[in-house]
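Construct the complete structure from the given sequences, taking the supplied hints into account.
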Amino acid sequence: MGRKVTLAVSTLNQWAMDFDGNYRRILKSIKEAKAKGASFRSGPELEITGYGCADHFHESDTLFHSWEVVAALLKDTTCQDILVDVGMPVMHRNVTYNCRVIFLNKKLLLIRPKMILCDDGNYRETRWFTPWSKPRQVEEYFLPRMIQEICGQKTVTFGDALISTVDTCIGFEICEELWNPCSTHVTEALDGAEIIVNGSGSYHELRKNYVIADLIKSATAKSGGIYMFNNLRGCDGERVYYQGCSNIAINGEFVAIAKQFALLEVEVTTATVDLEDVRAYRNSIRSRALKAAQSEAYPRVVVEYSLSGTLDVSTVPTAAMDWVFPTPEEEISLGPACWLWDYLRRSGQGGFFLPLSGGVDSSSVVSIVYSMCRLVCAAVQDGDEVVLKDVRRIVGSPEYYPREPRELCNRVLVTCYMGTDNSSRETRALAKDLANQVGSYHVTVAIDAAVTAIVAIFTTLTGKRPRFRALGGGAREDLALQNVQARVRMVVAYLFAQLMLWVRDRPGGLLVLATGNVDEGLRGYLTKYDCSSGDINPIGGISKVDLKRFLRYACDTFKLSALNDILKATPTAELTPLENGQCVQSDEADMGMTYEELSMFGRLRKQLGCGPYSMFGKLVHTWRDPCSPSQVAEKVKHFFRCYSINRHKMTVLTPSYHAESYSPDDNRFDHRPFLYNPLWLWQFTAIDSQVKLFELQKDISSNGQGHSSSRQDKSPRDPNLARDYPHDGTTSPKDKTPEYRVWNLGVFVPNSPCESAGDSTMLLGDKDGRSSKELIALKDHKRDLGWNNEQEGNQMFSGCRSLIDKLNDPHFWTNRIY
1 MGRKVTLAVS TLNQWAMDFD GNYRRILKSI KEAKAKGASF RSGPELEITG YGCADHFHES
61 DTLFHSWEVV AALLKDTTCQ DILVDVGMPV MHRNVTYNCR VIFLNKKLLL IRPKMILCDD
121 GNYRETRWFT PWSKPRQVEE YFLPRMIQEI CGQKTVTFGD ALISTVDTCI GFEICEELWN
181 PCSTHVTEAL DGAEIIVNGS GSYHELRKNY VIADLIKSAT AKSGGIYMFN NLRGCDGERV
241 YYQGCSNIAI NGEFVAIAKQ FALLEVEVTT ATVDLEDVRA YRNSIRSRAL KAAQSEAYPR
301 VVVEYSLSGT LDVSTVPTAA MDWVFPTPEE EISLGPACWL WDYLRRSGQG GFFLPLSGGV
361 DSSSVVSIVY SMCRLVCAAV QDGDEVVLKD VRRIVGSPEY YPREPRELCN RVLVTCYMGT
421 DNSSRETRAL AKDLANQVGS YHVTVAIDAA VTAIVAIFTT LTGKRPRFRA LGGGAREDLA
481 LQNVQARVRM VVAYLFAQLM LWVRDRPGGL LVLATGNVDE GLRGYLTKYD CSSGDINPIG
541 GISKVDLKRF LRYACDTFKL SALNDILKAT PTAELTPLEN GQCVQSDEAD MGMTYEELSM
601 FGRLRKQLGC GPYSMFGKLV HTWRDPCSPS QVAEKVKHFF RCYSINRHKM TVLTPSYHAE
661 SYSPDDNRFD HRPFLYNPLW LWQFTAIDSQ VKLFELQKDI SSNGQGHSSS RQDKSPRDPN
721 LARDYPHDGT TSPKDKTPEY RVWNLGVFVP NSPCESAGDS TMLLGDKDGR SSKELIALKD
781 HKRDLGWNNE QEGNQMFSGC RSLIDKLNDP HFWTNRIY
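Residue numbers for the sequence shown follow the UniProt record's numbering, beginning at 1 and rising by one.
Simulated from the structure, these hints should not be mistaken for lab results. Each hint should be verified, as a subset may be incorrect.
[What the hints assert, rightly or not] Here are the simulated lysine-lysine pairs, DSS-like style, with alpha carbons at most 30 Å apart:
id, residue 1, residue 2
1, Lys568, Lys432
2, Lys548, Lys559
3, Lys222, Lys259
4, Lys28, Lys107
5, Lys154, Lys106
6, Lys606, Lys618
7, Lys217, Lys291
8, Lys389, Lys31
9, Lys559, Lys389
[To be verified] Ranges of calculated distance between the beta carbons of each label pair, as one might list FRET restraints:
id, residue 1, residue 2, range
10, Ser60, Trp502, 37 to 47 Å
11, Lys464, Gly592, 24 to 34 Å
12, Leu461, Leu578, 22 to 32 Å
13, Tyr529, Gly592, 18 to 28 Å
14, Met321, Glu695, 53 to 63 Å
15, Val302, Thr622, 56 to 66 Å
16, Pro507, Glu579, 44 to 54 Å
17, Leu461, Pro507, 37 to 47 Å
18, Arg392, Arg145, 41 to 51 Å
19, Ser397, Ser347, 29 to 39 Å
20, Thr622, Arg124, 31 to 41 Å
21, Met91, Ser586, 50 to 60 Å
22, Pro507, Val211, 38 to 48 Å
23, Met321, Glu579, 22 to 32 Å
Note that the coordinates shown come from a computational prediction; the quantities given were computed from them, not determined experimentally. Glycine included, each C-beta is placed from N, C-alpha and C at the ideal position.
Pasting the structure below:
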């Protein structure tokens with residue numbers, strides 16, 4: 001009857017600027033699509049160049065080589081008798097666009113430019129491309145001479161158009177256009193496009209894999225039709241992992257879904273669908289039919305080609321299927337593992353070197369490498385020749401065959417416990433046990449001699465010997481001694497990474513794996529150039545809370561019982577002296593906050609765009625049961641002080657696997673200054689004013705009445721006033737009190753002006769008599785103090801004068817910032 005069509009979506013593991021490899025993978029996908037009976041093959045976004053070319057998109061070479069790949073595809077007989085859609089950059093009238101190029105039997109049919117670009121998260125498309133801003137308009141594109149010679153045509157249609165075949169109509173979207181509120185598939189479907197094709201470059205984030213499914217299901221359920229979603233997979237040279245999940249859906253149901261995580265370089269997924277199902281579905285939605293009848297027409301490129309056959313009575317459409325989503329623990333075990341494999345095989349190195357401390361972070365990295373080895377062994381046993389070729393090259397043995405993850409792990413992972421006098425026997429044993437269970441090549445080394453030698457250089461020059469605080473030293477001495485140990489570990493790690501394969505009579509070197517998590521990066525709880533530094537970091541975008549959950553999962557799934565004891569241990573850096581052989585240092589105690597709190601701070605800061613004032617406004621309600629408003633305020637202030645003081649560390653942090661949407665990654669995802677005023681004067685004043693307002697309201701509730709009738713009469717004139725004027729948001733009656741400009745210390749000033757300047761001065765100090773922690777925000781603003789007359793106002797202003805003088809004295813601020 002000529003209505004059933006077989007369609008193919010492609011999931012490709014492309015590599016930025018690898019035109020040769022990208023061409024081979026595209027060609028292989030076309031061959032597989034034809035072998036599976038598909039009449040139309042589509043592919044991911046920018047598959048010819050790779051998505052992550054970044055500023056290479058500004059280079060004319062990139063555009064030229066892209067057309068060379070198209071020319072090679074046009075000439076290959078594999079590409080005959082199948083409609084092909086590929087993604088590449090195209091310059092039209094001196095403007096570069098992100099495009100889909102559609103061709104059939106050596107003829108270019110359409111170049112469709114992207115109309116809605118993405119600048120969210122890690123995307124920066126407007127830096128390299130311009131959106132096509134002419135809906136339903138087309139122009140003539142003059143083809144390069146190399147293409148003219150092959151196709152026999154000088155021009156091709158360029159713009160926002162549909163393709164009409166003998167039996168159906170095809171529309172196009174590119175990635176972000178699906179996510180946008182004004183998605184182009186809606187208007188295309190209303191104008192009769194029955195198949196919508198999307199070439200995408202969507203990367204992985206934890207707990208976000210349902211988004212693609214929801215968008216496509218909603219699009220096809222609301223408008224009817226067939227949706228072909230193509231996505232990249234793998235690491236193409238950047239921090240993100242493109243997550244696959246190419247799929248085909250019809251009328252709100254999925255009929256084909258590709259893997260999210262896999263080592264496959266090419267995966268072609270096909271489905272057979274009935275075009276009559278689309279027509280019947282759409283016609284049954286009467287409101288949609290009315291809108292379709294009123295819709296504006298698209299330009300159409302007409303082609304004498306049929307996607308369906310003439311004899312398809314016996315052809316069975318593909319049945320609907322459910323989309324099963326992995327748990328976050330499964331995502332952590334698979335996504336970073338696949339990312340590591342891509343990086344390793346494309347870097348030309350012979351494996352990984354990991355400083356294994358026996359803590360949660362380094363143990364998580366070990367578990368992820370072990371997961372990678374499991375995936376490699378499974379892929380080889382499934383007959384993946386590409387993976388087998390890569391693993392043989394990595395281990396330097398042309399006859400090698402990986403049969404068991406532990407044995408492969410021994411070849412590609414070297415772990416090293418770098419102990420000092422401050423290291424405990426427990427962590428040393430934990431590291432050794434885990435290394436034995438995963439099979440890594442494990443060594444233990446003492447670095448005390450190196451640490452002592454470095455400290456001796458300082459002592460020789462200055463005549464001073466720094467001591468730990470526990471041994472009578474000061475805070476600066478203690479921190480300096482901790483940092484020396486941490487930085488020596490990085491130096492030792494790179495030495496061993498360069499030479500351990502030499503020791504084992506193998507060529508090449510090892511990649512150093514860093515072990516800092518996303519929360520410690522956000523808080524700055526790390527030493528610059530310690531074990532948070534390396535070549536790559538598979539957990540730098542993952543929270544401590546999620547890593548602990550992952551280790552529980554790995555303990556059960558991978559049968560790594562050593563992880564149980566690691567999870568029970570208190571997280572510690574082990575950089576200070578032991579007491580009775582036991583570690584007394586605790587990460588959470590050192591940070592002044594729990595990892596759960598830190599994760600919450602991170603989500604509010606990035607995901608919800610909260611500064612200090614807004615964060616307090618949310619947490620004062622979220623944490624109202626365990627914490628008072630003043631306690632919440634202190635936690636928020638402490639976080640922002642630490643964040644701003646340590647922000648500079650993010651500028652040099654190791655490239656990490658992007659996993660969390662609150663990542664503080666400085667490279668592209670989270671653009672912030674790295675030099676702050678850590679006092680946050682204005683913002684913390686606003687917080688304190690709200691704390692005092694909470695306390696006042698609590699007093700009113702408990703006493704059953706206000707402090708005075710004049711205060712009770714006042715009410716906020718505007719709900720946003722408290723944000724604009726960060727105190728209680730009240731105004732005084734104009735006929736009663738004039739406005740005075742005074743310095744406010746972020747504390748609630750009583751109605752009565754009888755407090756002396758000496759009483760107010762005491763507010764500068766905290767309970768320990770210091771001004772470092774409680775001194776917040778000093779702000780010049782208009783404030784109603786409820787004075788009865790101008791004389792009282794002047795009396796109070798005069799009383800505060802001594803405070804103003806102190807605050808203007810530069811000596812007052814000395815050593816009071818941290």
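Hints and how they fare:
1. For the hint linking Lys568 to Lys432, the alpha-carbon distance of about 16 Å falls within 30 Å, and the restraint holds.
2. Distance hint between Lys548 and Lys559 is fulfilled; the C-alpha atoms sit about 16 Å from each other, no more than 30 Å.
3. Under the criterion of a C-alpha separation no larger than 30 Å, the hint pairing Lys222 with Lys259 is consistent with the structure, at around 26 Å.
4. Among the hinted pairs, Lys28 with Lys107 is consistent with the structure: their alpha-carbon atoms are about 20 Å apart, no more than 30 Å.
5. Of the pairs offered as hints, the one joining Lys154 and Lys106 holds, with about 13 Å between alpha carbons and a cut-off of 30 Å not exceeded.
6. The suggested pairing of Lys606 with Lys618 holds, with an alpha-carbon distance near 14 Å, which does not exceed 30 Å.
7. Restraint check for Lys217 and Lys291: satisfied, since their Cα atoms lie roughly 20 Å apart, inside the 30 Å limit.
8. Distance check on the hinted pair: Lys389 and Lys31 sit about 21 Å apart at the alpha-carbon level, within 30 Å; holds.
9. Taking the CA atoms of Lys559 and Lys389, the gap is about 28 Å. The hint holds against a cut of 30 Å.
10. For Ser60 and Trp502, the hinted distance range of 37 to 47 Å is satisfied, since their beta carbons lie about 43 Å from each other.
11. In this structure the hint that Lys464 and Gly592 lie 24 to 34 Å apart at CB holds, the actual value being about 29 Å.
12. Leu461 and Leu578 have their C-beta atoms about 29 Å apart, which keeps the hinted 22 to 32 Å range intact.
13. Look at Tyr529 against Gly592: about 23 Å separates their beta carbons, and that is inside 18 to 28 Å.
14. In this structure, Met321 and Glu695 meet the distance hint of 53 to 63 Å, their C-beta atoms being roughly 58 Å apart.
15. Checking the proposed 56 to 66 Å range against Val302 and Thr622 shows it holds: the Cβ atoms sit about 59 Å from each other.
16. Checked against the hint of 44 to 54 Å, the pair Pro507 and Glu579 passes, with Cβ atoms roughly 47 Å apart.
17. Checked against the hint of 37 to 47 Å, the pair Leu461 and Pro507 passes, with Cβ atoms roughly 42 Å apart.
18. Against the hinted window of 41 to 51 Å, the Cβ-Cβ separation of Arg392 and Arg145 comes to about 43 Å, which satisfies the hint.
19. The given range of 29 to 39 Å is broken by Ser397 and Ser347, whose C-beta atoms sit roughly 18 Å from each other.
20. Checked against the given bound of 31 to 41 Å, the beta carbons of Thr622 and Arg124, roughly 33 Å apart, stay inside it.
21. Checking the proposed 50 to 60 Å range against Met91 and Ser586 shows it holds: the Cβ atoms sit about 58 Å from each other.
22. At roughly 44 Å, the beta-carbon separation of Pro507 and Val211 lies within the given 38 to 48 Å, and the hint holds.
23. Judged by the Cβ atoms, the range 22 to 32 Å given for Met321 and Glu579 is violated: they are separated by roughly 59 Å.
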